[in-house]
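Can you make the complete structure from the sequences, with help from the hints?
Going by this note's numbering, the letters in the sequence shown line up with residues 2 to 300, in that order.
Calculated from the structure, these hints are not laboratory results.
It is possible that some hints are incorrect.
[As the list claims (entries may be wrong)] Straight-line distance between alpha carbons at most 25 Å, and here's what the computed DSS-like set of lysine-lysine pairs gives:
1. K75 with K234
2. K267 with K234
3. K267 with K53
4. K36 with K53
5. K111 with K208
6. K208 with K36
7. K75 with K267
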Amino acid sequence: MKISKLEKKKKIAGYFFLIPSFFFLGAFLLYPLAKSIIMSFTDWNGFSPEYKWVGIENYLRLFTATPAYWSSIKINLTFALISTLIQTILGFFLAFAVYHMSSRWQNFYKVSLYIPVILPASVIAVMWRFMLSPDTGLVNTILRLVGLDFLCHAWVGENATALGTIIMVNTWQYVGFTMVLYYIAMQNIPLEVLESAEMDGAGKWLKFRYFFLPMTAGTTETNVILSITGGMKSFGLFYMLTGGGPGTATRVVSMLIYSTAFVDYKFYKALTMSTVLFLIILVLVLFSRWVGARHSDLE
2 MKISKLEKKK KIAGYFFLIP SFFFLGAFLL YPLAKSIIMS FTDWNGFSPE
52 YKWVGIENYL RLFTATPAYW SSIKINLTFA LISTLIQTIL GFFLAFAVYH
102 MSSRWQNFYK VSLYIPVILP ASVIAVMWRF MLSPDTGLVN TILRLVGLDF
152 LCHAWVGENA TALGTIIMVN TWQYVGFTMV LYYIAMQNIP LEVLESAEMD
202 GAGKWLKFRY FFLPMTAGTT ETNVILSITG GMKSFGLFYM LTGGGPGTAT
252 RVVSMLIYST AFVDYKFYKA LTMSTVLFLI ILVLVLFSRW VGARHSDLE
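Here is the structure:
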């Protein structure tokens with residue numbers, strides 16, 4: 002089938018308008034990424050234009066003589082996986098509940114649950130530091146009022162509770178985003194399909210099981226990828242809420258990279274850490290995509 006001259010001109014015009022996008026993508030994403038990976042094989046200190054090629058020495062040291070990095074990776078993985086699990090399940094059920102509300106209550110809950118998403122990490126951190134204060138914080142005050150004094154803690158000041166507290170705060174902030182994505186996906190389920198199921202005697206549980214769950218599988222995959230990548234890159238909430246403490250109990254990889262580059266001025270080491278972190282995130286994303294595709298094939 003021959004392509005007309007008009008269609009060819011349209012295609013050429015389309016490619017022409019894509020040139021600025023490719024330019025910015027190359028200049029501000031691909032080039033810095035490639036440059037960072039290349040410089041991770043050197044001893045560059047971040048300031049001097051002079052550096053020496055050291056090959057894989059930085060990577061060998063990272064894998065064999067940098068236990069702090071792998072400890073931070075473990076914290077990131079724990080945070081990302083638990084946050085993703087809670088956020089995805091809770092967001093789905095919140096969306097399912099909102100979907101079945103009247104339009105007035107739908108608007109109220111959608112706005113209320115989404116407000117924390119638009120707040121800066123600094124605002125979230127300051128607000129929750131006051132609420133989690135051991136002596137005057139709202140959380141411990143409520144626990145004392147209801148006679149649960151034994152549950153009071155220095156929530157971000159104890160090894161046993163610090164990471165769990167940050168997971169809770171992160172879930173509070175972003176579950177509204179997950180809920181909105183699921184709600185939009187549920188809105189796209191054809192009403193004719195649900196009405197036909199009701200006519201055949203399907204109740205809420207059967208519709209939930211055979212329509213809402215499978216027909217929002219794509220959204221689940223999106224939520225999982227966004228949540229895991231966000232969790233692996235987390236910095237602001239940890240930095241402002243706990244500072245990585247107590248000790249190093251909540252020191253995530255981004256904080257270690259930051260201190261390595263801008264406190265110790267070992268940019269070569271920070272670039273090596275960043276490159277490995279990028280590869281770990283890439284593997285997690287590809288694995289999530291593979292699981293999602295496999296689940297779709299089974300259905």
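Verification of the hints:
1. K75 with K234: 13 Å, holds
2. K267 with K234: 20 Å, holds
3. K267 with K53: Status holds; Cα separation ~14 Å.
4. K36 with K53: 15 Å, holds
5. K111 with K208: Measuring from Cα to Cα gives roughly 22 Å; hence the hint holds.
6. K208 with K36: Since the Cα atoms of K208 and K36 sit roughly 51 Å apart, the hinted pair is violated (cutoff 25 Å).
7. K75 with K267: Within the cut-off at roughly 22 Å; holds.
Violated hint for the displayed structure: number 6, the only one.
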